[in-house]
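J.: Given only the sequences and the hints, what does the whole structure look like? Please build it.
Respectively, the protein sequence lines represent chains U and F. Number 58 in my numbering belongs to position 58 of the first sequence; there are no gaps in the numbering. Number 13 in my numbering belongs to position 13 of the second sequence; there are no gaps in the numbering.
Mixed in with the good hints, there may be bad ones.
Sample of chain U residues at the chain F side, in silico, Cβ under 10 Å [said to hold, decoys possible]:
1) Gly20
2) Gly24
3) Ser32
4) Ile43
Some chain F residues close to chain U (C-beta under 7 Å, calculated; not the full set) [said to hold, decoys possible]:
5) Lys70
6) Ile80
7) Asp84
These are computed hints drawn from the structure, not numbers from a lab. We put the CB at the ideal spot given by N, CA and C, even for glycine.
Okay, here's what each chain looks like letter by letter:
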Amino acid sequence: MKTRIAELRKQHRLSQEELGQIVGVTRQTITSLERGKYTASLILAYKISSFFGLAIEDVFDFSEVEEI
Amino acid sequence: MDKYKIKVETRKNALSLVAAATILIYVGLIFYRGGLPDLPSFIKGFHTGAFIGVEVVITYFLVRYIKASKNEAELQKQFIEENDERSVTILQSAGTLSVAIILISLGIASVIAGFFNPMIFYTLLTCLLFVLIVFWALWMYYARKI
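T.: See the structure below:
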């Protein structure tokens, strides 16, 4: 899933390690999220979006999610 | 973080007990060796290696937990490492695939062993049944829990 995490993180002048500590995950998880290799859980998506003061859909791109 | 701190303390105590019990069992077995069947040296070596391995692993985790209980930053680092959702997902994916591979391999090996040696066949079949029963029991447990 595509996200705006890298862009928002850089705007806030944070390292991946720092953002990971804030939302309670490892640096590797932030890397995977930024590269679109891993899809965050609802709770993590909420934590990240809340930290940036945005709605979940403003940080995570749901356009490629297949509808049933 | 307070709950995790308590968890770490409990783990420290439990690991200390297991480490002490392991040493006692091993020392007991050394003294009682005369009453045991004479084992091939490879098996004796394996036993010694297993006991040392357990102690090394326990010591590693004990050191980690002692470090965490003395340092708040280390405690938070360990909490994040332990609860990282990507790591949990990786573990779940690896675990699921491992069980499938183990079950299929044991099934194939049991069939092949059946042609050559009944003892190996029954041993492998027992292992296969054991893995199946454990898998089924855990499946039922989580199906009710989640």
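J.: Verify the interface restraint on U/Ser32: the C-beta must sit less than 10 Å from at least one C-beta of chain F.
T.: 6 Å, holds
J.: Have a go at the F/Asp84 hint: is there a Cβ in chain U nearer than 7 Å to its own Cβ?
T.: 5 Å, holds
J.: Would you check whether F/Ile80 satisfies its interface hint, that is, whether its CB is within less than 7 Å of any CB in chain U?
T.: 6 Å, holds
J.: Given U/Gly20 as an interface hint, is its Cβ closer than 10 Å to any Cβ of chain F?
T.: Check passed: Cβ of U/Gly20 comes within 7 Å of chain F, closer than 10 Å.
J.: Please verify that hint: U/Gly24, Cβ, nearest Cβ of chain F, below 10 Å or not.
T.: 6 Å, holds
J.: Just to be careful: measuring from the Cβ of U/Ile43 to every Cβ in chain F, is the smallest value less than 10 Å?
T.: 8 Å, holds
J.: Does F/Lys70 pass the interface check with chain U, least Cβ-Cβ distance below 7 Å?
T.: Violated, about 19 Å.
Going down the numbered hints, you'll see the structure goes against just number 5.
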